[in-house]
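Enquirer: Protein chains in written order, with our numbering: chain A, 1 to 335; chain B, 1 to 290; chain C, 1 to 331.
Derived by calculation from the structure, the hints in this document are not laboratory data. Honestly, I wouldn't trust all of these hints.
Straight-line Cα separation of at most 25 Å, DSS-like style, residue types lysine-lysine; simulated pairs [to be verified]:
(1) 21/A with 11/A
(2) 129/C with 176/C
(3) 10/B with 82/A
(4) 82/A with 21/A
(5) 18/A with 195/A
(6) 11/A with 184/B
(7) 199/B with 82/A
(8) 184/B with 21/A
(9) 199/B with 195/A
(10) 199/B with 184/B
Residue strings, one per chain:
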Amino acid sequence: MTNVLEVQDLKVHFPIRKGGKVHAVDGVSFTLAPGTAFGLVGESGSGKTTAAMACARLTPITSGTVRLNGRDITHAAGAELKAARREVQVVFQDPYASLNPRERAGAIVRRPMDLLDIGTPAEREARVDELFALVGLRPDQKDLFPHQFSGGQRQRIGVARALATRPGLIVCDEPVSALDVAIQAQILNLLGRLKRDLGLSYLFISHDLAVVQHLCDQIAVMYLGQVVEIGSRRELFTRPMHPYTHALISAVPSPERIGMEAGARIRLQGDPPSPISPPPGCRFAGRCDFAQDRCRQTAPQLQRKDGSHAVACHRAEDPDVMAAGTAQALALQPG
Amino acid sequence: MTDTTLAAPKPVSPSTQAWRMFRQNHAAVLGLAILLAIIVISLAGPFIYTVAPREMVWMPLTPPGQSEYVLGTDYLGRDLLAGLINGGRVTLAVGFTAALITVAIGITVGALAGFFGGRVDNLLMRVTEFFQVLPNLLFAMVVVMLFGADLLNISIAIGIVSWTSTARLTRAEFMRIREMDFVKAERSIGAANGRLIWKVILPNAAPPLIVVSALSIGTAILFEAGLSFLGLSDPNTTSWGRMIGDNRPYILDSPWGVTFPGLCIFLTVLAISLIGDGMNDAFNPKLRER
Amino acid sequence: MTAPLLSVRNLEIAFRSGRDDIPVVRDLSFDLGAGETLGIVGESGCGKSITALSLLGLVPSPPGRVTRGQILFQGEDLVQAGERRLNEVRGNEISMVFQEPMTSLNPVYTIGEQIAETARVHFGLSRAKAWARAVEMLSLVGIPSPNRRAHDYPHQLSGGMRQRVMIAIALVCEPKILIADEPTTALDVTVQAQIFDLFNDLRRDFGAAIILITHDIGVVAQMTDRVMVMYAGRKIEEGPVADFVRDPRHPYTSGLVSCIPRLTMPPSDDPEPLFEIPGVVPAPRDLNRPGCPFAPRCARVMPRCRDENPGLEPLAPGRMVACWQEQEVAA
Numbered sequence: 001m002t003n004v005l006e007v008q009d010l011k012v013h014f015p016i017r018k019g020g021k022v023h024a025v026d027g028v029s030f031t032l033a034p035g036t037a038f039g040l041v042g043e044s045g046s047g048k049t050t051a052a053m054a055c056a057r058l059t060p061i062t063s064g065t066v067r068l069n070g071r072d073i074t075h076a077a078g079a080e081l082k083a084a085r086r087e088v089q090v091v092f093q094d095p096y097a098s099l100n101p102r103e104r105a106g107a108i109v110r111r112p113m114d115l116l117d118i119g120t121p122a123e124r125e126a127r128v129d130e131l132f133a134l135v136g137l138r139p140d141q142k143d144l145f146p147h148q149f150s151g152g153q154r155q156r157i158g159v160a161r162a163l164a165t166r167p168g169l170i171v172c173d174e175p176v177s178a179l180d181v182a183i184q185a186q187i188l189n190l191l192g193r194l195k196r197d198l199g200l201s202y203l204f205i206s207h208d209l210a211v212v213q214h215l216c217d218q219i220a221v222m223y224l225g226q227v228v229e230i231g232s233r234r235e236l237f238t239r240p241m242h243p244y245t246h247a248l249i250s251a252v253p254s255p256e257r258i259g260m261e262a263g264a265r266i267r268l269q270g271d272p273p274s275p276i277s278p279p280p281g282c283r284f285a286g287r288c289d290f291a292q293d294r295c296r297q298t299a300p301q302l303q304r305k306d307g308s309h310a311v312a313c314h315r316a317e318d319p320d321v322m323a324a325g326t327a328q329a330l331a332l333q334p335g
Numbered sequence: 001m002t003d004t005t006l007a008a009p010k011p012v013s014p015s016t017q018a019w020r021m022f023r024q025n026h027a028a029v030l031g032l033a034i035l036l037a038i039i040v041i042s043l044a045g046p047f048i049y050t051v052a053p054r055e056m057v058w059m060p061l062t063p064p065g066q067s068e069y070v071l072g073t074d075y076l077g078r079d080l081l082a083g084l085i086n087g088g089r090v091t092l093a094v095g096f097t098a099a100l101i102t103v104a105i106g107i108t109v110g111a112l113a114g115f116f117g118g119r120v121d122n123l124l125m126r127v128t129e130f131f132q133v134l135p136n137l138l139f140a141m142v143v144v145m146l147f148g149a150d151l152l153n154i155s156i157a158i159g160i161v162s163w164t165s166t167a168r169l170t171r172a173e174f175m176r177i178r179e180m181d182f183v184k185a186e187r188s189i190g191a192a193n194g195r196l197i198w199k200v201i202l203p204n205a206a207p208p209l210i211v212v213s214a215l216s217i218g219t220a221i222l223f224e225a226g227l228s229f230l231g232l233s234d235p236n237t238t239s240w241g242r243m244i245g246d247n248r249p250y251i252l253d254s255p256w257g258v259t260f261p262g263l264c265i266f267l268t269v270l271a272i273s274l275i276g277d278g279m280n281d282a283f284n285p286k287l288r289e290r
Numbered sequence: 001m002t003a004p005l006l007s008v009r010n011l012e013i014a015f016r017s018g019r020d021d022i023p024v025v026r027d028l029s030f031d032l033g034a035g036e037t038l039g040i041v042g043e044s045g046c047g048k049s050i051t052a053l054s055l056l057g058l059v060p061s062p063p064g065r066v067t068r069g070q071i072l073f074q075g076e077d078l079v080q081a082g083e084r085r086l087n088e089v090r091g092n093e094i095s096m097v098f099q100e101p102m103t104s105l106n107p108v109y110t111i112g113e114q115i116a117e118t119a120r121v122h123f124g125l126s127r128a129k130a131w132a133r134a135v136e137m138l139s140l141v142g143i144p145s146p147n148r149r150a151h152d153y154p155h156q157l158s159g160g161m162r163q164r165v166m167i168a169i170a171l172v173c174e175p176k177i178l179i180a181d182e183p184t185t186a187l188d189v190t191v192q193a194q195i196f197d198l199f200n201d202l203r204r205d206f207g208a209a210i211i212l213i214t215h216d217i218g219v220v221a222q223m224t225d226r227v228m229v230m231y232a233g234r235k236i237e238e239g240p241v242a243d244f245v246r247d248p249r250h251p252y253t254s255g256l257v258s259c260i261p262r263l264t265m266p267p268s269d270d271p272e273p274l275f276e277i278p279g280v281v282p283a284p285r286d287l288n289r290p291g292c293p294f295a296p297r298c299a300r301v302m303p304r305c306r307d308e309n310p311g312l313e314p315l316a317p318g319r320m321v322a323c324w325q326e327q328e329v330a331a
């Protein structure tokens with residue numbers, strides 16, 4: 001079976017005023033199997049959103065290739081791009097900003113079919129009803145405007161719009177981080193149910209490790225435009241290998257850790273380096289407790305360790321680094 | 001599971017909401033009433049009050065209330081009331097046409113600059129700056145003198161010198177809105193640039209643009225008055241500005257000849273300002289919550 | 001037991017809408033002891049942020065105002081205090097850190113100037129001494145090379161650094177209470193962890209009490225001693241943080257605690273769906289009907305819940321809950 005998405009050495013660079021360019025995404029590769037959810041995790045500036053938007057062809061690609069269902073869409077245009085757009089849709093972060101305030105909910109959900117010429121008008125209207133039911137909205141809410149819905153309901157409209165063209169892949173850009181806690185669960189469950197029932201694949205962007213662990217089968221950790229670690233849910237959380245992944249896991253505030261000694265946590269110092277002129281070696285070296293001279297001089301490549309697990313770290317197999325990872329994983333164990 | 005089991009509320013469009021807010025603003029409603037009254041009088045008046053505005057009907061410089069011509073006559077013995085009623089037509093026509101031209105140029109230039117950014121923006125903004133630094137009145141006078149003082153040319157001249165602020169506002173709104181996720185969402189379903197500009201972004205940029213467009217009618221009316229006062233008006237028509245210009249030399253003998261048309265201009269522009277103010281509040285989402 | 005540092009009694013805050021006063025906080029009472037960290041938890045619109053603002057006399061007025069109750073700070077009622085007295089209290093005795101650090105800093109002054117100005121006004125220090133104090137504060141909140149950084153403008157700093165500056169401003173006058181309203185929501189997790197370490201240090205070194213307002217259960221668990229849960233303007237549960245996480249009593253609290261995905265080890269390959277609290281928070285306007293405000297969303301609702309609003313009843317020392325079922329079980 002062909003992969004839903006294959007990304008090879010993707011680079012997205014933005015020119016800036018003073019000359020030079022921002023290396024927003026700098027050589028990212030991954031594949032997404034059908035019916036699975038792939039999580040891109042990282043902090044602000046990691047390039048996770050830019051990478052995902054490039055996959056949906058919403059951001060210009062500097063180099064590399066993006067294949068959607070086996071077809072190269074990196075430079076697709078016209079009818080080819082239109083066909084690709086039917087197959088990949090986006091759910092945005094902020095349900096208050098992602099719905100046109102001047103359109104009715106039904107029209108918003110119907111719009112992708114209008115623009116991509118899918119079905120007859122009557123079929124589109126029937127599909128809108130179907131989609132409303134699918135995401136837990138009532139058909140009589142079709143005539144309402146976005147401001148008449150709660151945040152959770154708006155995000156349901158956003159999901160319904162993304163499903164309108166029956167895409168195989170949905171890019172979810174932090175779909176719950178703008179929602180209240182109690183509503184997050186509703187939307188996450190909805191996404192989980194749709195994935196199972198419709199066989200959808202997700203490219204899921206989040207800064208929240210717990211959300212990613214809950215929903216994603218494969219996870220890539222990004223730092224300053226590059227993937228530093230990639231693996232299945234089990235591989236990544238039972239044996240986190242990259243020191244940055246350790247720090248991320250360690251930083252998650254969790255009810256499980258009440259009373260845990262603060263000393264057992266990893267605290268990163270300082271800020272990430274500038275994406276305009278990234279350092280020559282490992283981009284994390286400046287903040288890494290384990291960094292050595294070679295880390296500062298040569299950039300580590302992503303190397304497969306076992307199964308699908310790969311890490312970009314010179315010292316990944318050093319006993320000290322491995323012990324730090326084990327400590328973080330153990331800290332999550334209940335009891 | 002649905003979020004709520006209550007029946008759906010009535011759909012309330014953003015425009016309906018704005019209208020509700022507007023109606024609560026007494027000053028704005030008063031402004032709207034005044035403007036509507038002025039429009040109705042200007043349109044229907046000449047059919048009801050049939051005195052010819054450009055003919056000598058009585059002794060020149062008759063004060064109000066001393067003849068059957070209630071507002072008196074001007075220096076040529078023409079009926080002031082007939083002049084006001086017929087002049088209103090011309091003034092409003094020039095005001096609306098000039099505002100339309102202002103808005104059309106301003107929104108087009110601003111929308112293209114704001115939407116495309118980069119080189120297009122650079123070029124269009126230099127053009128805008130060029131028009132901004134021209135001395136408005138002088139340039140309009142040159143245009144009118146070159147092409148002849150008829151109503152359309154006057155409207156065009158006013159439009160050409162006043163579109164720059166509308167363009168700047170449109171550009172700023174477009175730059176703000178084009179970054180919003182719903183525009184990205186439209187792109188992700190393959191919306192073309194034309195649709196994004198006119199059907200997606202423009203309606204969302206509309207509120208402040210509607211306000212400045214309304215206010216630009218007032219500005220155009222004042223501008224027309226200024227040109228007429230300087231003698232640059234269509235010789236075949238009467239406008240309020242022209243009445244002021246004509247009667248200016250006799251201001252000491254008969255102040256009425258300039259006072260009445262001046263009052264008309266004042267009332268119209270005031271009404272438009274009140275309406276613009278009311279619309280501004282009505283479109284402001286922060287005030288809407290109350 | 002000594003008198004608490006802060007004692008809020010039967011506080012009601014209302015917003016005027018048309019001709020009506022719509023209460024957004026109702027009958028709220030709580031205490032805060034010196035050196036304690038109190039978490040206030042709830043969804044948006046539950047009244048937690050407006051409660052925090054009221055402690056500083058900052059309820060936006062009009063349309064809002066405190067319509068009833070007392071805010072006793074060291075025995076003095078701040079509701080009755082004049083603007084002049086409130087100004088002395090703000091910053092000096094009680095200070096606040098907001099969610100968005102960019103909009104809370106003045107972009108045209110350097111961060112050093114902003115901290116020094118606060119120090120100068122409150123302590124009457126000379127310019128030189130105030131500047132020295134500003135640099136000292138920057139170093140205290142963990143800003144590297146504070147001497148140099150003090151000359152930076154807010155836009156030159158990262159989000160985490162800006163939030164540190166906000167904290168430095170809040171702490172320069174050594175307040176007795178620090179109110180933090182979602183102080184890390186706009187920040188990355190690793191930065192959030194740094195800020196919380198800083199809070200803990202400050203509490204230890206200055207003995208300040210902290211009120212932490214958040215919707216993040218993990219943050220509450222990690223940072224606070226005691227938790228108060230608010231729903232629709234009322235306190236519905238209060239207790240020590242361990243009880244809040246492990247033994248929540250109000251159905252809403254237990255819903256909040258169990259509806260979040262948790263990082264676990266080993267991870268489940270096919271996680272169960274999350275617990276859902278159905279429905280949405282009611283609008284303040286809809287709260288004038290009788291009964292428990294949570295009843296329409298409650299899985300354990302009883303007939304009584306729809307008719308009578310349960311008051312807060314103590315379950316154990318330091319624990320209370322407003323739920324008929326829990327109270328009947330306890331009785």
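Enquirer: Confirm or reject each hint.
Expert: So, going through the hints one by one against the coordinates:
1. Proposed proximity of residue 21/A and residue 11/A is supported: the alpha carbons are some 12 Å apart, at most 25 Å.
2. Restraint check: the Cα-Cα separation between residue 129/C and residue 176/C comes to about 22 Å, which is no more than 25 Å; the hinted pair holds.
3. Taking the CA atoms of residue 10/B and residue 82/A, the gap is about 36 Å. The hint is violated against a cut of 25 Å.
4. Restraint check for residue 82/A and residue 21/A: the C-alpha separation of about 30 Å exceeds 25 Å, so the hint is violated.
5. Restraint check for residue 18/A and residue 195/A: not satisfied, since their Cα atoms lie roughly 45 Å apart, outside the 25 Å limit.
6. Distance check on the hinted pair: residue 11/A and residue 184/B sit about 20 Å apart at the alpha-carbon level, within 25 Å; holds.
7. Restraint check for residue 199/B and residue 82/A: the C-alpha separation of about 19 Å stays at or below 25 Å, so the hint holds.
8. Of the supplied pair hints, the one linking residue 184/B and residue 21/A holds, its CA atoms being roughly 23 Å apart against a limit of 25 Å.
9. Our distance criterion of 25 Å between C-alpha atoms is broken by residue 199/B and residue 195/A, whose separation comes to about 33 Å.
10. For a cut-off of 25 Å, the pair hint linking residue 199/B to residue 184/B stands: about 14 Å separates their Cα positions.
The structure fails to meet hints 3, 4, 5 and 9 from the earlier list, while all remaining hints are met.
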